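*Asks:* Protein chains in written order, with the working numbering: chain A, 282 to 398; chain B, 2 to 114.
Just so you know, the hints here were simulated from the structure itself, not pulled from any lab data.
Computed from a predicted model, the values in this text were never measured in an experiment.
One or more hints might be untrue.
Heads up, simulated BS3-like pairs for lysine-lysine below, C-alpha to C-alpha not over 27 Å straight-line [stated by the list, open to error]:
id, chain 1, residue 1, chain 2, residue 2
1, A, K303, B, K57
2, B, K57, B, K69
3, A, K317, B, K71
4, B, K57, B, K109
5, A, K303, B, K69
6, A, K317, B, K37
7, A, K303, B, K37
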Amino acid sequence: ETGVTQTPRHLVMGMTNKKSLKCEQHLGHNAMYWYKQSAKKPLELMFVYSLEERVENNSVPSRFSPECPNSSHLFLHLHTLQPEDSALYLCASSHRPTGPQGANVLTFGAGSRLTVL
Amino acid sequence: GEDVEQSLFLSVREGDSSVINCTYTDSSSTYLYWYKQEPGAGLQLLTYIFSNMDMKQDQRLTVLLNKKDKHLSLRIADTQTGDSAIYFCAAGSYGGSQGNLIFGKGTKLSVKP
Chain A
282 ETGVTQTPRH LVMGMTNKKS LKCEQHLGHN AMYWYKQSAK KPLELMFVYS
332 LEERVENNSV PSRFSPECPN SSHLFLHLHT LQPEDSALYL CASSHRPTGP
382 QGANVLTFGA GSRLTVL
Chain B
2 GEDVEQSLFL SVREGDSSVI NCTYTDSSST YLYWYKQEPG AGLQLLTYIF
52 SNMDMKQDQR LTVLLNKKDK HLSLRIADTQ TGDSAIYFCA AGSYGGSQGN
102 LIFGKGTKLS VKP
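With the hints as extra help, turn the sequences into a complete structure.
*Replies:* So, in structure tokens, the structure goes:
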């Protein structure tokens, strides 16, 4: 158990469906992240929430919509996705450093494998 | 922005040492990290090093940092078949992006018996 739980582990959806990915952490962390992992590409940082406020949105298409209702839960709402959105979506959490002397150690979930048909 | 580069594959024999290399572009990176990903799992932190250090050792793992060349390496001593996985290098800097980590593509380590 990594401390970060993602559900579902596998999801197959059509391009017209609406689905959500869920992430939960009970590590007392104050920041949560969504990363996209595609084959032969670096991990892409999608969204960052710090203290439940979105602090980063890396030019992600609007068909991906994050939600962070509290510091322990993070969702990624999906609608009208494209086949190229098929990937492993990783959630992570951390205790973000308040100064340059602190490392930002991310704890990752096992990921949600998304296939868009 | 930050760019992190790694070779994609490394193959070693069981018992040998493995050395995985990484280069990064942002000289203001304050921490460099190594993560491991096994099949069907998320990323697991192995170790990290602060940019004012040039070496860190933790059991079979040795991290070397050449800040001048922006080069990081991970050495695994006495590599075992259980070390077969993808290893990711990541760089983070404090400042505008508040420690967001930028990852490389990962190096797939294959250990042959």
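*Asks:* Against this structure, judge whether each hint is valid.
*Replies:* Verification of the hints:
no., hint, verdict
1, A:K303 - B:K57, "36 Å, violated"
2, B:K57 - B:K69, "17 Å, holds"
3, A:K317 - B:K71, "26 Å, holds"
4, B:K57 - B:K109, "22 Å, holds"
5, A:K303 - B:K69, "42 Å, violated"
6, A:K317 - B:K37, "16 Å, holds"
7, A:K303 - B:K37, "23 Å, holds"
In summary, the numbered hints that this structure violates are 1 and 5.
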